[in-house]
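Here the protein sequences line up with chains A and B, keeping their order. Here the working numbering is used: position 14 in the first sequence is 14, and no number is missing along the way. Here the working numbering is used: position 81 in the second sequence is 81, and no number is missing along the way.
These are computed hints drawn from the structure, not numbers from a lab. A portion of the hints provided could be inaccurate.
Since the list can't tell identical chains apart, any single copy or any two copies may satisfy a pair.
For lysine to any residue, the following SDA-like pairs were computed, each having C-alpha atoms within a straight-line distance of at most 25 Å [said to hold, decoys possible]: (1) K59 to P129; (2) K59 to D115; (3) K59 to D123; (4) K19 to G132; (5) K57 to L138; (6) K19 to Y190; (7) K57 to S37; (8) K49 to Q84; (9) K59 to T117.
2 protein chains.
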Amino acid sequence: MVARLEPAITPRPKTGRDKLLAAALDLFSEHGVSGTSLQMIADLLGVTKAAVYYHFKTKNEIVLALVSPVQEELTALADAAEQQRSRTARLDTLVGGLIDLIIRNRSLYAVLQGDLTVAHILDQQGVLPVLGTRLIALLAGPDPEPEELVAANMLLGGLRDAGFAPQIRQFDDETLRGHMLTCARRLLRYRRPQQPAAH
Amino acid sequence: MVARLEPAITPRPKTGRDKLLAAALDLFSEHGVSGTSLQMIADLLGVTKAAVYYHFKTKNEIVLALVSPVQEELTALADAAEQQRSRTARLDTLVGGLIDLIIRNRSLYAVLQGDLTVAHILDQQGVLPVLGTRLIALLAGPDPEPEELVAANMLLGGLRDAGFAPQIRQFDDETLRGHMLTCARRLLRYRRPQQPAAH
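The shape of chain A in the complex, shown without the other chains (with noise of 0.2 Å):
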């Protein structure tokens, strides 16, 4: 598990994109994504303008760039999750992996969530909606019955505020993790599949 707690974000960015994208994401969260300028974010690295330029050529390509590994491991996680053949480990392999991935962008999505502009340049990208009805699939399993997709509609929605929701943010992530798995198999009836025995 710990590899799996990893930010997505790395903590000392080495090269100079990933520099340049925890810059951004410094002043995002300060001036918000409209109000953040490519020239904000040399200033901050003590660069010129154009050394941003050769990684980015727009903000909208820098907020890409940011939110790009979640859609990315998103994607991963459909496709383990497809591989799964019972109902519990499919369950258990998506809803852990989610829970796993909003925690550990609980700060990126603290940023970028709320935000219009970072709203309006995923909408013209167009990758959420697919991701998100590819998730709801298979939560609610093959030729689901109406309460199946409503849960699996309440779960995704669910998780995603309660990740970054004010009244929760206090809690350390091991706290978050556990409550949220009670709360996703209560709501989706399913449970811990059997561990294999230690050996």
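With the hints as your guide, set chain B onto chain A.
Relative to the frame of chain A, chain B by itself:
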């Protein structure tokens, strides 16, 4: 229950103001809020722009006029839930009311939700975060455990999303209401309060 099913937007508008709001909602659904002008609303109604201006000075005022009945109902619902003594009665009042409200306003939400202009207008107004905090406090109860806070946040985000998710847009109101209630009770772990015996 029948009385609670009446839509917030009167289906057969009678006053000029109601007609105007219905026309605005029609245009919003087709062109988005940012793509709709007061002139377009006037044209659709076959009146002058001055006639529109008599009721609403700006498009923002129209959006708020569409949304404010829902906000008022949410406040009244929170008031009613606060009067309940037992947890079960409080949750039953609040959750049932929330679900009714969401379902009655499915068409309004389908139009306004995801519209960035609307999000911006509501953001500036600032009523929703206050209401959200109050609803979470009521759902989680006094001195809530972390798990109750997570469940309350998941419920609120989940119900909101499930009300207009594309996958469940096909369900009729009664079907959706029943499944949402079942899922909500599972998530918050409360049972339907005992009904008074029929007489």
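Tested hints:
In the homo-oligomer, the alpha carbons of K59 and P129 lie at most 25 Å apart inside one protomer (22 Å), although the nearest pairing across protomers, at 28 Å, exceeds that limit. Taking the closest pair of Cα atoms, K59 and D115 come within 25 Å of each other both inside a single copy (14 Å) and across two copies (22 Å). In this assembly of identical chains, K59 and D123 lie within 25 Å of each other by CA distance both inside one copy and across copies; the values are 15 Å within and 23 Å between. Proximity of K19 to G132 under the C-alpha cut-off of 25 Å is found in neither arrangement, the shortest distances being 30 Å within a copy and 36 Å between copies.
Neither within a single protomer nor between protomers do K57 and L138 lie at most 25 Å apart by alpha-carbon distance, with minima of 37 Å and 47 Å respectively. With identical chains, the CA atoms of K19 and Y190 are never at most 25 Å apart, being 42 Å at best within one copy and 49 Å at best between copies. Taking identical chains as interchangeable, the C-alpha atoms of K57 and S37 lie at most 25 Å apart only when both belong to the same chain, with a minimum of 12 Å there against 34 Å between chains. For the identical chains of this complex, K49 and Q84 are neighbours neither inside a copy (48 Å) nor across copies (60 Å), given an alpha-carbon limit of 25 Å.
For the identical chains of this complex, K59 and T117 are neighbours both inside a copy (10 Å) and across copies (21 Å), given an alpha-carbon limit of 25 Å.
Comparing the model with each earlier hint shows violations of hints 4, 5, 6 and 8; every other hint is respected.
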